[in-house]
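Novice: So you can see what is in the structure, the chains are spelled out below.
There are 2 protein chains.
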Amino acid sequence: MSEMRSRRILTTLQEDGRLVVELAEENLPAPTGHDIVVRVEAAPINPSDLALLFGPADLENAEYFDGHIIAPMPEGARRAMAARVGQAMPVGNEGAGTVVAAGEAADAQALLGKTIACVAGGMFAQYRTVDARSVIVLPDDATAEQGASAFVNPLTALGFVETMKRDGHNAIVHTAAASNLGQMLLRITKDDGIPLVNIVRSPAQVAMLKDMGAEHVVDSSSEGFAQDLKAALKATGATLAFDAIGGGPLVGRILHAMEQVASDGQDYNRYGSNSRKQAYIYGALDTGPTILNRNFGFSWSVGGWLLFPFLQSVDAHVVERMRDRVRSELTTTFASHYKARISLEDALTRDAVLTYNARRTGQKYLLLPHG
Amino acid sequence: MSEMRSRRILTTLQEDGRLVVELAEENLPAPTGHDIVVRVEAAPINPSDLALLFGPADLENAEYFDGHIIAPMPEGARRAMAARVGQAMPVGNEGAGTVVAAGEAADAQALLGKTIACVAGGMFAQYRTVDARSVIVLPDDATAEQGASAFVNPLTALGFVETMKRDGHNAIVHTAAASNLGQMLLRITKDDGIPLVNIVRSPAQVAMLKDMGAEHVVDSSSEGFAQDLKAALKATGATLAFDAIGGGPLVGRILHAMEQVASDGQDYNRYGSNSRKQAYIYGALDTGPTILNRNFGFSWSVGGWLLFPFLQSVDAHVVERMRDRVRSELTTTFASHYKARISLEDALTRDAVLTYNARRTGQKYLLLPHG
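As you go down the protein sequences, you meet chains A and B in turn. Read in order, the letters of the first sequence are residues 1 to 371 in our numbering. Read in order, the letters of the second sequence are residues 1 to 371 in our numbering.
In isolation and in its complexed conformation, chain A is listed as follows (with noise of 0.2 Å):
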């Protein structure tokens, strides 16, 4: 293969303050090495998407011609990113699609053809130049639609599990629970007998996961939400929590039911009980401050979780089992679902974006790249 010319979605924050995202075209040299060259068939737009794709931009307010926005961004916002002053920056965490193109080494020639899924970055794009070493070979049955999302969700999921058990608990929680990820985090945790509390916002999203199979759901718009999950943690034990949403009071209240349960006919102790309360905040669907009220003693933990330095911090042994996991689960327990397929030019436009950056739980758009 000579040079290939491909479109791609790449972010800018200008000097001047405002957000600059555009489709743009480059050129792909012809591959060496270990390198392959995907033809991105699908590819998902996940809320660390769109953290680098738009963060707090200004959408409503923005200017939408030709595929590009143009964007004002927060004085504030400005100063945290002010490191990314100037790049073009490619987007699209992961994706699958069809080796086109492969470089001399044999791993590389090895995958012409095949359907595989990778997380290299930029796969908002015609075709993406990655690491033959870095990807998943899907299943011959699965389609590049069904390996889309087949990374960061179901090793999140499975990372969730396997984080429960180097920290010692036996039971877990999960905020934004009728999300993608809650549903595999469901199917996960049925399947290994592990109890699981699920935290969702409607009285729908509880009724979805109970179609599902689920035992605890417990809906946070709920009146008697303090009481039911309460309840839902007596009977669980669960001492471990995962929060995609970050912003707000919901954390604080977990920990301060797991010490209800805790303290529950004990004597009084000023500083709370000895329970190990830990809960990981992974995602900011609510990009507003954390509000803990501390009325769950002093034996407690909130912290930040990420994909990419948990996979760091386990055995390879353990992130193989992990893909492995994925691969033969592919189209059962990772099933995807979203709510609208997409073209790069229409997921460029002022509709699309107003929807699928209201990162409503079970509205994710798929990217086709070339659909």
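Just so you know, the hints here were simulated from the structure itself, not pulled from any lab data. Do not rely on the hints blindly, as some may be mistaken.
Since the list gives no way to pick one copy over another, a pair counts as held whenever it fits inside one copy or between any two copies.
To be verified - Below 20 Å or equal to it, Euclidean Cα-Cα: the simulated SDA-like pairs (lysine to any residue) are: (1) Lys230 x Ala77; (2) Lys210 x Val319; (3) Lys165 x Ser301; (4) Lys230 x Ala82; (5) Lys234 x Asp16; (6) Lys230 x Met81; (7) Lys339 x Asn357; (8) Lys230 x Trp305; (9) Lys230 x Arg79; (10) Lys210 x Glu15.
Model, not experiment: these values are computed from the prediction.
Since chain A is already given, all that's left is putting chain B on it; use the hints.
Specialist: Here is chain B on its own, set in the frame of chain A:
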């Protein structure tokens, strides 16, 4: 010795929601086995004692009469303290005094006439029965006043250093750094060559710590706080903080400044730096909510820290080494300062209560139960 009469302070949350704090008499039986009876000569009123003694009771609108306080307790706090309703609880974590009676065991008999310090609870009393094996025998030339605070602050300050080593950090940030505890930590870290960032709340406190030889003192009440903090973090490389305040934005501001230092000159990463940033909240000088703006990436953790669980988590020889150091540096590194000395009776008067319960840094009271 036959039975002995003693006066002590008790705190009771009544069914009707009123908190009663009172001086009450008790009969101490003659000690047996390893027990000894201590004539309590000095006991500090620590913030942790105030949490049990009064909690969030409304002391402005309390009745004070004849060694009694009757104060309304806010509704929310009553629910949180349901487990203590109806129990008359003794108060006073630690103190020092003379051993005046002992059980027949050799280790108890050996202490007769000695001046000892202990952390037995119930030390706001004239006499207290404690286990001989749990005390520190003070050096011959040390007074009970010098030994009254030999446990909580010294072991907490040493515990911060041990925690730093265990968690793999190399420097410490400390808030409310002008406190007795903060002064001890300053002396320890100077002796041990550990960089320390002292955060205080007034120019007078800056001057005091500078006079004591502190290198990095930043004033959270000053306009330049954010810049000063960042400079001190850069100079020390501190990625670990201990916070006595709890409520408000300070912990988040410290983590944000640590993140700024870690990402200075690095490529933009929307997940933040890989620098592991840890804050422990060990006090609650501000009982309001902790506000975390999460402008510090995903590599962070905030948790509770308590002395006794910490001591239980480390090897016995570490605790013994810590206690030996307290004994040998009792009147230097671990010297405490008090704003006032006060009798049991006077400690329950309105003026005294409103003063020492304000928990102003450097305004600690020392109870003299025979004063």
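Novice: Confirm or reject each hint.
Specialist: Hints, one by one, checked against the model:
{"no.": "1", "hint": "Lys230 x Ala77", "verdict": "between (37 Å within a copy, 19 Å between copies)"}
{"no.": "2", "hint": "Lys210 x Val319", "verdict": "neither (31 Å within a copy, 51 Å between copies)"}
{"no.": "3", "hint": "Lys165 x Ser301", "verdict": "both (17 Å within a copy, 19 Å between copies)"}
{"no.": "4", "hint": "Lys230 x Ala82", "verdict": "between (43 Å within a copy, 17 Å between copies)"}
{"no.": "5", "hint": "Lys234 x Asp16", "verdict": "neither (54 Å within a copy, 29 Å between copies)"}
{"no.": "6", "hint": "Lys230 x Met81", "verdict": "between (40 Å within a copy, 17 Å between copies)"}
{"no.": "7", "hint": "Lys339 x Asn357", "verdict": "within (13 Å within a copy, 57 Å between copies)"}
{"no.": "8", "hint": "Lys230 x Trp305", "verdict": "neither (24 Å within a copy, 25 Å between copies)"}
{"no.": "9", "hint": "Lys230 x Arg79", "verdict": "between (41 Å within a copy, 15 Å between copies)"}
{"no.": "10", "hint": "Lys210 x Glu15", "verdict": "neither (50 Å within a copy, 41 Å between copies)"}
The structure fails hints 2, 5, 8, 10 (numbered hints given earlier, in ascending order).
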